[in-house]
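Colleague: One letter stands for each residue in the lines below.
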Amino acid sequence: MASKTVLDELKRTQILELLEQGKRIDGRALDEPREIAIEINAIPKANGSAKVRLGDTEVLCGVKIQPDKPFPDVGDKGIFMCTAELLPLSHPTVETGPPQAPVIELARVVDRGIRESHMVDVSQLVIEKDKSVVGVFADIVVIDYDGNLFDACSYAATAALLTSKTPKWTMVDDKVTLVDGEESPLPTTTIPVSVTMGKIGNHIVVDPNGDEWDSMDARVTITTDSDGNICALQKGGSDGFTLDEMVQCGETSIRVGKQIREKLKAAQEGVQ
Amino acid sequence: MVDKRKYVIPGDVITTGPFRPEQNVMLVGEKIIATAVGISEIYDDSVKVIPLTGKYIPKIDDLVIAKVNSHTSLSWELDINSCYVGFLPAQDVFGRDFSAHADELATKLKTGDLVAARIANFDRTRDPLVTISDRDLGKIDSGILIAISPSKVPRLIGKKGSMIQMIEQATNAAVTIGQNGWVVVSCDTPEGLLKAKIAIEMVNEKAHVANLTDQVKEMLDKKSES
Amino acid sequence: MGGRDATMVLLDENGIRCDGRKIDEPRKIMIRAGGLKNADGSAYIEFGDNKILVGVFGPRDVHPKHMSNTDTGILRVRYHMEPFSVDERKRPAPSRREIEISKVIKEALEPAVMLEKFPRTAVDVFIEVLQADGGTRCAALSAASVALADAGIPMRDMVAAIASGKVADTIILDVNNEEDQAGQADMPVGYMPNLKKITLLQLDGVLTSEEYKKCVTVGVEGCKLVYEIQKQALNDKYFGKKGD
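Residue numbers (my numbering), protein chains in the order written: chain B, 1 to 272; chain P, 1 to 226; chain C, 1 to 244.
Incorrect hints may have been included.
Label pairs and their computed distance ranges (CB to CB) [what the hints assert, rightly or not]: (1) B:D244 x P:S133: 42 to 52 Å; (2) B:P44 x C:D204: 24 to 34 Å; (3) C:A168 x B:P102: 47 to 57 Å; (4) P:P89 x B:L16: 26 to 36 Å; (5) C:L195 x B:A29: 29 to 39 Å; (6) C:K224 x B:Q259: 50 to 60 Å; (7) P:L74 x C:L201: 51 to 61 Å; (8) B:P44 x C:G240: 57 to 67 Å; (9) P:K222 x B:P99: 44 to 54 Å.
It is worth saying that the hints were derived from the structure and are not from the lab. Using N, Cα and C, we set each Cβ at its ideal position, and we do this for glycine too.
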């Protein structure tokens, strides 16, 4: 995700040589993601939060739930927004200032993966139609970078939303008022899981680490829901995939997504 | 003759008296004060602190692993993992008869290449001058690059090379250690390569642990799975 | 998640503050040196309910080149709060408050960092407030100092910080969020404990001449307590398992 430092030709050659033998530089199988560590409630004062470690990539998502004005023509739906920021302390090449295209893409892909799965039912988030709705904001920050921010950020946001608690508001004399002591779990309908695959030469690897990410020619991120349907997809990078490869990636994302969904479920159950 | 050793952090008073302040200490009045996290050493007439962290600061004659950042028609700019970039003049590779018109730098070293090099000259007012004209230096054709903290390099080498030799013998890997914390490992087998990488990273993580050598040996002796 | 009631009594008849502390008692402080893989140095601090992460890069090349200084290195500090760190979600763009605090922290660290050793380079300090609860700038400064030491940046001294203040006409140590909002004065103090110099000092509120003297003194003494925890953090990472 961070802009490429000088291409380490030696590294790429080594990675390709190993891939030719069906091996990866850290000993994983080609379709094996790294260990995912999920810490729920990392930020107790937020409505929900989760810290996710994927290898040495570390991201943190905090969910804030607060009353808001509805969008102009959508008065019967609440607001769901997902943002992502690459913190300058995560990698020496990250610059401060307004987000560049790669980070904007990251944020929008993660947002779409969750939004298109309908994980957060925004029709349940209305206080008073056309006047006041509940806004659910999932803000993700990347703390340490070691490849595959798409999946790490997605898991952090999903885990945070799954374990978020929302207060209750009503209208009293035309003013939005908090109802004390009426907190409940944020209603969610499904567990979206994104799986990112990178293409290095003719090989496809699941969850590329930092070195593999630098050596990749192209990538695709596919998000599936709890029913095993594909609900979002993004191809990136400057090379292309064949039709067969794309179909294969779809199948891999369903299979690997299912395994990872169990981890997210376990994190959710750990809290209940 | 080292008098006393103490763990210090910046601001700690190491001693007072007529000592000459050397690396990572400063003299304030009569007090010798540490300016880095490390181990202080008091000699007969001087005091210094061996830092336990920090970037690589080039020293003349250091062997370093460097990466080619870019080049002009007259020289290469090398990343030596320091706050300073290395300067490698074309004459060092092409010889005295180098001509900017006839000789193409990219034919010998191009952007992204790794080289084993030596620091030929350095003072802080200018970027360090680097050479690759000795027999054990030059372009590195194979292997992976591992970055460790430069302050851990002595631990990775070990007493009289004992640690690195143990790793090389157990894995059949060839390891070149740069004083700048960059290490190149090459090996015929992927298992040996991975094991050597893990061993080196272990030393980097646990350099302060007393029985590190035993822990590394134990890891190396374990038969690899699959 | 229920917060403390802001209309609560700030100091009761037994000299106990709204969160149960005595007037000279700081909140629980924990500092960890290191933890980030890519930063040259890092530190994480929990100061009461404040959670702050600091990453340091440098000395490193300055871009754009015209910002570099031929005689000395430069120090750059960015204090930034995450949207989820405060009660009402904060927009990601830097606020005027964050910009001012960045500058104040930079100037609190500059006397300690030996930038003259690295001409033409920069040392970057990135402060990320993950959860805020009053006194973030002091916690941030204390963690930044540890992160700089962790990065091996040469320093003349550490810089420790804490806020003293006044509630119910009484000088207190370590002002929390409620005390900052509803109290009478808030005074962040940053101090170099060995060189004995105050490098950060601000005041919000009204103090008599006597109160002012007491407030600064209490703040400086509080900084010494924070310094012990900074020492512990570096000890644990670098000297801990070796023993002596």
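Colleague: Against this structure, judge whether each hint is valid.
Modeller: Hint-by-hint comparison with the structure:
1. B:D244 x P:S133: 42 to 52 Å: Because 51 Å falls inside the window, the suggested range holds.
2. B:P44 x C:D204: 24 to 34 Å: With a Cβ separation near 27 Å, P44 (chain B) and D204 (chain C) satisfy 24 to 34 Å, so the hint holds.
3. C:A168 x B:P102: 47 to 57 Å: holds, 52 Å
4. P:P89 x B:L16: 26 to 36 Å: holds, 33 Å
5. C:L195 x B:A29: 29 to 39 Å: With a Cβ separation near 56 Å, L195 (chain C) and A29 (chain B) fall outside 29 to 39 Å, so the hint is violated.
6. C:K224 x B:Q259: 50 to 60 Å: holds, 52 Å
7. P:L74 x C:L201: 51 to 61 Å: holds, 53 Å
8. B:P44 x C:G240: 57 to 67 Å: Distance hint for P44 (chain B), G240 (chain C) is violated at roughly 28 Å.
9. P:K222 x B:P99: 44 to 54 Å: Taking Cβ atoms as reference, K222 (chain P) and P99 (chain B) lie about 45 Å apart, which means the hint holds.
Consistency with the previously given hints fails for numbers 5, 8, ordered from lowest to highest.
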